[in-house]
Amino acid sequence: MSTKSSSNDAAGKEFELERTPLRRIQMTLHRYPWLSSLIVLLAVVIAFGTVNERFLLPSTISLMVQQTVIVGSLAIAQALIILTAGIDLSIGSLMIFGQMLMANMAVLVGASFVLPIAGQNPYLAIVVGILAATAAGAVNGFLIVRFGLPPFIVTLGTWSVFMGLTLIFFKARTIQGPEMPDVMLVLGEGFPVGPFFITYGLVVMFAMYFAVAWALRNTAWGKHVYAVGDDPQAAQLSGINTNRVLFSVYLVAGLIIGITAVITIGRVGSASPNVDPMLNLQSITAVVIGGISLFGGRGAVVGALIGSLIVVAVEMGLSLAGVDQAYRTASIGILVIVAVGIDQWIRKVKV
Amino acid sequence: MTEPIVKARGLVKRFGSVTALNGTDFDLFPGEVLAVIGDNGAGKSSLIKCFAGAHTPDEGQMWVNGEEVVFQSTQDARRHGVETVFQTLAVAPALDIASNLFLGREERKKGFMGSVFRQLDKKGMRRKAAEHLESLGISTLQDITQAVETLSGGQRQAVSVARAAAFGSQVIILDEPTAALGVRESAKVLDLIKDLKDRGLTVVLISHNMPQVYEVADRIHVQRLGKRAAVVTPKSASMNDSVGLMTGAIDLPDTDQQLSPV
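Line by line, the protein sequences are chains S and P.
Under numbering that gives the first Met the number 0, read the first sequence as residues 0 to 350, first letter to last.
Under numbering that gives the first Met the number 0, read the second sequence as residues 0 to 261, first letter to last.
Quick caveat, the hints were computed from the structure, so don't treat them as lab data.
Keep in mind that a hint or two might mislead.
[Said to hold, decoys possible] If you want the footprint, here are the derived chain S segments under chain P, 3+ residues with CB under 8 Å:
1) 224 to 233
2) 236 to 247
3) 317 to 326
The beta-carbon is built from N, C-alpha and C at its ideal position, and this holds for glycine as well.
Turn these sequences into a full structure, and let the hints steer you where they fit.
Put into structure tokens, the structure is as follows:
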């Protein structure tokens with residue numbers, strides 16, 4: 000090595016800031032943003048476990064994990080979109096459209112008079128439902144990329160559009176579990192693992208987390224998703240086709256939403272257009288609590304899973320402690336604001 | 000006479016009613032450091048953005064290595080060996096140094112995992128990035144997996160320059176590389192430019208800083224009102240002369256200009 004580079008070394012050290020313990024914590028959290036949410040999850044579990052021993056019963060834990068399956072799955076789609084500095088308000092509506100389509104196709108007498116589609120092979124119904132949700136995601140992506148519209152507005156619009164289409168095509172009739180072929184409900188079934196109970200829906204959710212996390216870490220597409228969310232101009236000048244990356248993210252999100260539609264039918268045991276209307280906001284809550292920055296480009300998708308678990312654990316813990324529903328809702332709100340505050344602090348890190 | 004590595008004739012670029020380039024000529028010869036100076040709005044940035052592929056000129060022709068080219072994107076420019084360090088640096092702050100060096104041209108693993116699952120060769124890219132930084136004498140960047148946003152301004156500039164100098168590029172365009180830096184870090188960037196020249200690369204330096212231009216440039220292209228006003232050398236014209244040419248106070252006949260390599 001030349002003498003010049005050694006003088007560079009000396010100069011580099013001179014500029015280094017003192018590393019206080021607080022700064023070290025800040026830097027570590029900056030590097031692994033999901034770590035702070037994992038710590039919160041552990042703290043929540045320990046706190047509620049100490050207060051009420053029923054909280055740590057295998058049956059309670061199994062129930063809590065099963066309860067995360069819908070929001071946890073939707074949060075994968077939301078996480079991908081938020082990583083690109085976007086937001087998807089249409090997630091719940093797209094998911095309901097997908098599940099109503101597949102349920103109406105699979106039953107003998109469907110609610111749909113507009114689309115005479117009932118009585119199809121259930122496997123075909125599932126595939127068509129997933130493809131429809133994927134196509135709906137592509138519509139979001141197309142409007143955002145082609146016309147440069149803000150994701151917030153586009154997905155606010157498609158949220159209403161698909162909610163309306165669901166009512167137009169499928170009326171407001173809930174397709175009950177017993178009406179559907181068994182295969183439609185299989186993701187709600189499961190198997191015991193020791194004292195715990197795991198549903199097939201959970202297995203699918205974990206598989207989706209693994210696939211998306213792997214792709215984000217190990218493919219060029221993953222790097223480009225982060226780069227586009229971080230600084231779209233810089234990404235473009237670096238030779239990344241930012242439009243293609245954005246479109247692909249909304250397309251993949253649609254696919255995940257479609258798969259979640261099958262999971263939801265299994266979990267709920269029916270296909271109803273009145274599934275929790277808060278699903279959109281809950282998925283955003285899970286992502287934000289999981290340490291994924293709303294400003295894009297920062298965070299790991301596993302954070303969305305941790306975030307979903309935190310929300311469910313807080314709800315369950317407070318409920319076991321006999322706290323009223325209204326207080327539980329308010330405490331989740333506080334959690335979101337604290338999470339965003341922590342995100343802002345971590346982003347300010349400088350070496 | 001040596002052929003220019005980058006040549007342009009009569010470039011015109013308009014933005015609505017504003018004419019940024021009004022028939023600019025440009026010659027860059029292999030192995031030289033050419034400074035481009037000019038007042039604000041003279042068209043320096045528009046000119047180099049044409050070579051970078053960020054703008055496509057409305058009129059005029061460009062050649063690289065004697066071959067006529069039309070750049071529609073920065074990728075087109077890169078394919079012809081022309082790399083640009085933009086003033087904004089165009090780095091992804093949250094990604095690490097190695098990822099930034101390979102941003103937009105990642106390398107995949109060989110074999111099944113690379114071709115079917117498109118897995119990146121992260122280890123290989125990190126190793127190459129470290130080797131490359133060391134060969135440029137930028138070894139302050141100890142940890143190749145450090146996020147770029149945790150680096151100082153000078154270090155970020157070094158990452159950008161290193162990215163441009165990698166991958167078999169021939170021409171490196173630097174847009175105001177020292178504008179945001181202190182004296183000490185500026186000196187390092189100037190050293191880096193000299194290093195690039197020693198390695199046989201051709202450098203275009205856009206700068207407002209006359210002493211820096213005079214320190215490293217072989218020839219100086221003076222841009223004025225969207226045209227090439229003159230080409231001088233640090234020896235043929237004083238700093239005052241250059242400023243005069245920039246503002247239009249002085250006119251230089253073609254015979255007194257340095258239109259061929261030094």
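Exercise. Within the assertion that chain P covers the segment 224 to 233 of chain S, do at least three residues meet a Cβ-to-Cβ distance smaller than 8 Å?
Worked result: holds (count 6)
Problem set entry | Residues of the segment 236 to 247 of chain S with Cβ under 8 Å from chain P, three needed, outcome | With 4 residues close enough to chain P, the hint holds.
Exercise. Per the coverage rule (Cβ-Cβ under 8 Å, at least three residues), is the segment 317 to 326 of chain S covered by chain P?
Worked result: Coverage by chain P is violated here, the residue count being 0 at a Cβ distance below 8 Å.
In summary, the one numbered hint that this structure violates is 3.
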